[in-house]
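Make one complex out of these two single chains by using the hints.
Residue numbers (my numbering), protein chains in the order written: chain A, 1 to 580; chain B, 1 to 113.
There's no promise every hint is true.
Partial list, computed: chain B residues near chain A (C-beta under 10 Å) [unchecked claim]:
1. Pro10
2. Glu41
3. Gln45
4. Arg60
5. Glu75
6. Val87
7. Arg89
Everything labelled a hint here was simulated from the structure, so no lab data went into it. Built from N, CA and C at the ideal position, the CB exists for glycine as well.
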Amino acid sequence: MRRSDNAACSSDGAVQPARRPAVPGLGVRALRVRALLALTVLLLSFAAVAAQLVRLALQSAPRLRMTMVEAAPTTWARPDIVDRNGRLMATDRAVNSLYADPQIILDLDEVIEKVTAVLPGLSAAELRKMLADRSRRFVWLARGLGSREAQTVHELGLPGLGFRTELRRFYPLGPLGGHVLGAVSVDNRGLAGIERMIDEEGLAEPARGAERSMRPAVRLALDIGVEHAVAEELRRGLKQFVAVAAAGLVIDARTGEIVAAVSLPEIDPNRPADLLDPELADRLTNGTFELGSVYKILTIALALEHGLVDLDTVLDVRRPLRVGSHVIRDHYPQGRPLTVREVFLYSSNVGAGMLALQAGTERQRDFLAKLGLLEPMRTEAGNVARPQLPESWGRAETITIAYGHGLAVAPLQFAAAAAAVVNGGERLTPTLLLRPEAPPKAERIVSEATSASLRELMRLGVTHKAGTGRRAEAEGYGVGGKTGTAEMPGRGGYREKSVISSFLGAFPMEAPRYVTLVMLFEPHGTGETRGRITAGVNAAPVTARIVERIAPLLGVLPRLVQAHTPAPGTPPFDAPPQAQ
Amino acid sequence: MSRRGVRPRPMHRTLNLILLLLALASAFALYALKYDTRRTEARVQGLERSVDKLEGEIARLMAEHAHLARPGRIEPMARALGLAPIVPRQYLRVGAGPPAVAEAPAPARAQQR
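One chain only, chain B, in its complex shape (with noise of 0.2 Å):
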């Protein structure tokens, strides 16, 4: 082996160069990703969060509104209201009464919610 063997032709000299500009360019992208990636993963967190937190909230929400809708309230204000309960006279059949009032509330529904 000569000595010449061992010293790097100007040709591999500029390959090198190229590889380390390479390498350190690639390091930069794989740092820069990992900080997206890092803050991104935060971000998730931090959404996750909030979807429990929202979760939470709208069970909260649910229950309140299932405490407020409770027939034991509704009642007392749906009577100060002048409302009662709908009675037999209040039934018509389909075209047996006329026109004006043949519009006769559906029966359950206009009760039950």
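Next up, chain A with everything else stripped away, as it sits in the complex (with noise of 0.2 Å):
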């Protein structure tokens, strides 16, 4: 309306003067005056626009330059690891890291020695070198600060020093577990152990700052009071028998739970170097030893699983056995023939050999490859040291392998391998991690008789005066094992003098719930053991106490053999000490 006014106004406003304004009161003048002002006030806005968009173009060329020099730095975010029972074994924390823009810094040689002085871990000469490159917009200086050191740091004032938080992996037991934690980097990812197969299933996300991980906690199957007591036990045998390492594991027979694995001298994971001494390697792992008798534990179930023998089928075991050059003799000779039974109670080795050769090299060969023993295993912290493999497999090898040398395995490996002959014989997986439900049911490798008979005799092995066990006795807990003392090959040949002595267990064994291995590396005899370094004076009293102090705490009720009923006057047992 008005604009169809206008028009009318200007075009002919020049000859005739308008009839009728279009607002009253006000002349053409005016309205020019009016219109140019709206014009202004468009024009300048549509000024300011485009000079916002210059100074925009201007200046993101410097600003994009600046993040390209500077790295990303991005922690990774890591579930927390939790044992069996949810007791915490590893979790992020928000640490302070200090960086430098070494553009910024006024004066290099007052933060080299203020910075120094302050965190005493860093050296002048390295500090120098990273801050010399002034081209350089970010270099860390030290990462992982507590608050305290990065408030005096903060509080030094100098330009060109800044933090950052960013998440740092923290485990709160110290080397507790640390074999199967493993360790992360410096940036929060996972090197080795239950840690890298955190990261290998995608469970580690980057992030940025010290945003914690929403991710629920990865559950173990180790118990930590039971990895606690296994470490203490095992360290107490290290000292009294003077052995140079040790290392024990505790599998639940039934479901392959790796309930406790130990292996010392430890690791620990809040220092990530330890991974890369190979003196602190775990020996239950990331070795393989011939671990001497207690394969005979498989020798004898191959036997009896072929129906070749019973328990009471007599060896002639006098004549030592000949393997070309070399005699194959037994420790504890009794001079008369010996049952299956006493084969395995006096831990003949002619006898075993026996068994083999009778089996044959093929079915030998066959049963412990059903067994596992022959290929590669892996468990979820990663690869188990390969299984060392006789070049070719003969006669000789066949009888050495019988009393448990030419073949060399993981510990794990083999006690998972035991574990099934004695679980009722079917086949074990081990695991780390807690089985939220029973496992499917496993492939049978030996009968339950076979089962049953081995579980018999390893009882003995402990019940018996004259068994090589009976010092891992654990009152009330039917414990029952086989020793075993091999000698480590050295230059040229075996060394007698050191040996490997290691104690296969399982508790209670009229149906194991679990079993034990406990090894000794190098023992020396002692006054106490009279100079003996055979794993029945040093494992298998380690085996007892370390079933002793687990079986409570597992929830092994011991089998009271009659009702306990005190004696009038005698003090309850939770009397104290001076009354007793």
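Written out as structure tokens, the structure is:
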């Protein structure tokens, strides 16, 4: 309306005065001024938009370059790791990391002097090297500082230094379970063990700053209490028998869950450099060993399974076995023929060799393959050391493998195989993670009857007065097992004085719930053991002490032979010691 | 069209005035609302920050608790107090012993935590 009026105004306004102005009381001039004003305002605002665009275009270039120069510092947020009872084993903690922008640093000498005074872990020379390059804009100086250290550095008030909060893995239990957990890099990425599994499964996510992972915790099969008890008792055994190293393992005989896995000396996951020290390697999974007589469990299972003998079959073990120039003798010669039961009891090498020969190389190899001893094994924490198979598998190897020499496997792999023989005859896959439900029906390896015979033998090895494992008896828990003392291979043969003594046990023997393996590396004879270094005097008693401690933790009730009725006058068990 | 048609009638004027006042009032209301929203947003942000901070604190305390309750530290303390691992003699079958000692401690629990 108004526009058309205006148009009329301007077109013929010059010729004749407007009959009716668009806005009453305003002349044409005023209208022009108004239009001009509006136009100016519009123009100005467009100019402002244009100026802003130009400014942005000019400014974006250097900012882009800066982000290119600066390494994007990301950390990885990882889920917590807890034991089977939900107790914390690993968690992420927010820490302050100190960085520098060399371009902004004013006085290099002052910075180096003051920072090294506050953080003695930094070397002045290294710091100078890092900060000398003025073209860099971002250099990490110290990562994972505590809040107090960060505060003191902050209070120095040096320009060019700054802090970023990032996540740092923390293992509150220290070295306990260290070999299972593994370790992480400075960027919080898994390097080994369960930590590497977390990365491989994609459970670790890149995070900016100190944002913790929202994922549920990874639940291990380990029980911290049991792990600690095993570690403590091994440490005691290590000291008592002056051994170089020790290892202990507790596996659930039905589910394959690894309840405790200890290898001494331990690694502390809080110090990732420990992973590089070969002395600290996990002996349960990273090394292969010939374990000696504990293999006789498998040899006798082989002979029984094929129906070649029964426990009362008599073998003439008086004559030593000849393998080429080598003669195989018994450590405890009885000077009479032995039954299969006695072959186990007296740990007769000749007897075991004869049984293996009776079965034959082929069947022996098939049997060990069925037990999974010839194939590489894997757990969630990575590959287990590959089994060391003999180059050729002839008569000599058949005999030596029968008593545990010539085939070296990782102790964990052996324990899993032995557990399968003991648990009723079903294959067992060791796992470090808690099994949410019962494992699927496993492959049968030996018959129920063979397994029962082996259980009888293993219990006999502890209860019989001549059994090599009688020091493994833990009152009430029905421990059974087999000792093994293997000479360690050295230059040009075996070293007689350096042995690995081991004890493979299970409890309670009539229906085993847990299988244990205790190993002592290079124990020495002491006054207590009257100079002996065989497993019966060191690994067996350590097993007994471990079982006594862990059985209550695992809810295994002792067998009460008779109802406990204290004689009148005896103080109750919980009376203070001085009253007893 | 006559001039009279253009000039607003008194009734229209009142209406316009009312509408203007309404517009002003709603503008104020809107402003107040927006201001309020900003304040609430700031509060939400503050609360979220403190939630994050507290969560971090909880995680830190949990780690500290786990560190302080590690078995390697508890065991020497327990032993110093005269405690020891449970032994089979301490178990009783219910009904087997005299009532005074029949309350054997629960087997696993007592040790596990």
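Structure-based check of all given hints:
no.	hint	verdict
1	Pro10	violated, 18 Å
2	Glu41	violated, 21 Å
3	Gln45	violated, 16 Å
4	Arg60	holds, 6 Å
5	Glu75	holds, 7 Å
6	Val87	holds, 7 Å
7	Arg89	holds, 6 Å
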